[in-house]
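*Asks:* Sequence:
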Amino acid sequence: MCGISGWFLPDQQLFNTDDLQAMVNALHHRGPDDTGVFLEQSRGVALGHNRLSILDLSDQGHQPMQNRKTGDVLVFNGEIYNFRELRSQLQSEGYIFNSSCDTEVLLYSFEQWGIDCLKQIKGMFAFALWQPATGILHLVRDPMGIKPLYYWQPAESDGIVFSSELKAFAKLPGFQSVVNRDSLQCFLEFGYSFHSSETIFRDVCKLPPGHHMQIRSGSEPEVHRYFFPPLELLEENKQCRVEEQLFDVLTRVVEEHLVADVPVGLLLSGGLDSSIIASIASRLGPIHTFSFGFADSGIDERPHARVVSQFIGSEHEEILLHPDEILQNLEEAASYFDDLFADWGMITTRLLYKKCREKGIKVVIVGEGADELFGGYDVFRHALPEKARKPMEWRLFQLYRAYAGRRYGSQYFAFRARMKEYLRLTGNDVFAAIRLFESRDQLPNNYVMKVDKASMSESVEARVPFLDSRVAEIAYRIPGNMLISSQDEKIMLRRMAMRYDLLPEEIIKRKKFGASIAANWMDDSGTFRDYARELILARGAWVDELGLRQAMQAYFDSEKSGYRFPRAISIFRNLAWRLLILELWSKSAVPVHGHG
Numbered sequence: 065m066c067g068i069s070g071w072f073l074p075d076q077q078l079f080n081t082d083d084l085q086a087m088v089n090a091l092h093h094r095g096p097d098d099t100g101v102f103l104e105q106s107r108g109v110a111l112g113h114n115r116l117s118i119l120d121l122s123d124q125g126h127q128p129m130q131n132r133k134t135g136d137v138l139v140f141n142g143e144i145y146n147f148r149e150l151r152s153q154l155q156s157e158g159y160i161f162n163s164s165c166d167t168e169v170l171l172y173s174f175e176q177w178g179i180d181c182l183k184q185i186k187g188m189f190a191f192a193l194w195q196p197a198t199g200i201l202h203l204v205r206d207p208m209g210i211k212p213l214y215y216w217q218p219a220e221s222d223g224i225v226f227s228s229e230l231k232a233f234a235k236l237p238g239f240q241s242v243v244n245r246d247s248l249q250c251f252l253e254f255g256y257s258f259h260s261s262e263t264i265f266r267d268v269c270k271l272p273p274g275h276h277m278q279i280r281s282g283s284e285p286e287v288h289r290y291f292f293p294p295l296e297l298l299e300e301n302k303q304c305r306v307e308e309q310l311f312d313v314l315t316r317v318v319e320e321h322l323v324a325d326v327p328v329g330l331l332l333s334g335g336l337d338s339s340i341i342a343s344i345a346s347r348l349g350p351i352h353t354f355s356f357g358f359a360d361s362g363i364d365e366r367p368h369a370r371v372v373s374q375f376i377g378s379e380h381e382e383i384l385l386h387p388d389e390i391l392q393n394l395e396e397a398a399s400y401f402d403d404l405f406a407d408w409g410m411i412t413t414r415l416l417y418k419k420c421r422e423k424g425i426k427v428v429i430v431g432e433g434a435d436e437l438f439g440g441y442d443v444f445r446h447a448l449p450e451k452a453r454k455p456m457e458w459r460l461f462q463l464y465r466a467y468a469g470r471r472y473g474s475q476y477f478a479f480r481a482r483m484k485e486y487l488r489l490t491g492n493d494v495f496a497a498i499r500l501f502e503s504r505d506q507l508p509n510n511y512v513m514k515v516d517k518a519s520m521s522e523s524v525e526a527r528v529p530f531l532d533s534r535v536a537e538i539a540y541r542i543p544g545n546m547l548i549s550s551q552d553e554k555i556m557l558r559r560m561a562m563r564y565d566l567l568p569e570e571i572i573k574r575k576k577f578g579a580s581i582a583a584n585w586m587d588d589s590g591t592f593r594d595y596a597r598e599l600i601l602a603r604g605a606w607v608d609e610l611g612l613r614q615a616m617q618a619y620f621d622s623e624k625s626g627y628r629f630p631r632a633i634s635i636f637r638n639l640a641w642r643l644l645i646l647e648l649w650s651k652s653a654v655p656v657h658g659h660g
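Letter 529 of the sequence shown, counting from 1, is numbered 593 in the numbering used here, and no numbers are missing.
Where hints are given, some of them may not hold.
Once the Cα atoms are required to be at most 25 Å apart in a straight line, the calculated PhoX-like pairs of lysine-lysine come out as [said to hold, decoys possible]: (1) K183 - K133; (2) K454 - K484; (3) K418 - K651; (4) K576 - K451; (5) K575 - K451; (6) K418 - K451.
Label pairs and their calculated CB-CB ranges [stated by the list, open to error]: (7) E379 - E149: 25 to 31 Å; (8) E609 - Q85: 32 to 38 Å; (9) S283 - L391: 47 to 53 Å; (10) M456 - D267: 32 to 38 Å; (11) G238 - M456: 43 to 49 Å.
In short, the hints are calculated from the structure, not lab data.
Beta carbons: idealized from backbone N, C-alpha and C, even for Gly.
Assemble the whole structure, with the sequences as input and the hints as a guide.
*Replies:* Given below as structure tokens:
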């Protein structure tokens, strides 16, 4: 896992070596083990790299890495999980390797197969590859959007500037971090922006998952999609084998995810998803698991994780987080979450990776992605047969309410258009359309973004087996009636866990636990609530520009009724959290030069 940055500006010499080094320095947390730069000023090409050493810890893995035969230069962030298989294929073609790292495999794969190598590569990645022979810079992002890749096109230029994080752009002269109002409004309603290529800044875009960009002199950048989920559902006569196929593929994927030359740990919540991954991993060798609880709170999954650990025989550690740690880390955390989003777990997740790093763990395997691919959320129940009697427009409106938590907002028509496109692609299959929205829009722009930014802020590599494209391709083909019912969700995963004796029955049948410690503290913790109130209602805060001061004043002035705020007031809790993150982000992430 690393950080990459650079530019291709063939028509202008806007920046110099110092500017490139400034971008690299801004991403130090993503790769503190080594840095490197490549600059060909005459052709307007610059590549920067921050290395977090995971495979081949020697200098042979240094980047930018150059192909001595072709002159191609590569900067790469991520992991190629099937690199050993590809390495063997390339060796049979006569390639000689100088290292044991996956970066060199990717470099030679591009030489051997060109852009078609993306069909063979399995992993999480974002990379930039400069081909001097053709004068083309390639930018590529992995199929599921696990690794981020942003780009900015300076005014009156055919070229682009790219980076793993937004904060690196702020180091360049002439960059204006003007807020994208549409993305901001989407953030306030959803907690993130689901617009696929937009960011919180008006002039910065992100390369969508499964896309490849080519930039050459004299032409506008070209963006092509190389991966899209399979939409053809399994035929009924093949559905009986899908459990076996899923288990076999997931086992292979987990085995590849365990490969590292540094200590590897697994986060174990005691929920179904992380427990399945940990159980499979335990059958492949000794593993080290971690679980977490929160002091002064009823939210504690350590007992469930303990049951799983004892069942699979892992070396297990439990870590307790305290409320004062959350407050102490809020502002620092906000500086790393530079592409604005407000998942309730963003601060606590970062603390978890921090604790792992302090214990010497450099790679952490997590269970994200299963809910989105295998029907783990309540929103999937909108696809149940009893809902089918309702008109589609009514169902879309109810879906919007489920996501945005309100009757109507400015993003309704954008959401409706996105869902209608997914319905068109899936033949009006509501479950499949929701799965596409969850995995193509919400996942890369919210949950996976949280995983990347939280882990990399602590120089930890997070790996996500459920989001390996081989697992995803199986999941996309499973029809909704095999995954959800009116009583249950993730049916396929539960059946697989039962069939292969992966977990105790109490864990397999356990319902999803969706409580949030931050959400509870916003309502229950006087210290946390007072801190949020002071920031959100400060003079000149965002509430004034957004016209929300009266609503937020009412929320913070409200009295509890029993254990809950009156419903008319409590609906503003999500908005309060988002405004708190917005205030912290404005002060510490990237200096804001305008509000659009």
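*Asks:* Where does the structure disagree with the numbered hints, that is, which hint numbers, in rising order?
*Replies:* 6
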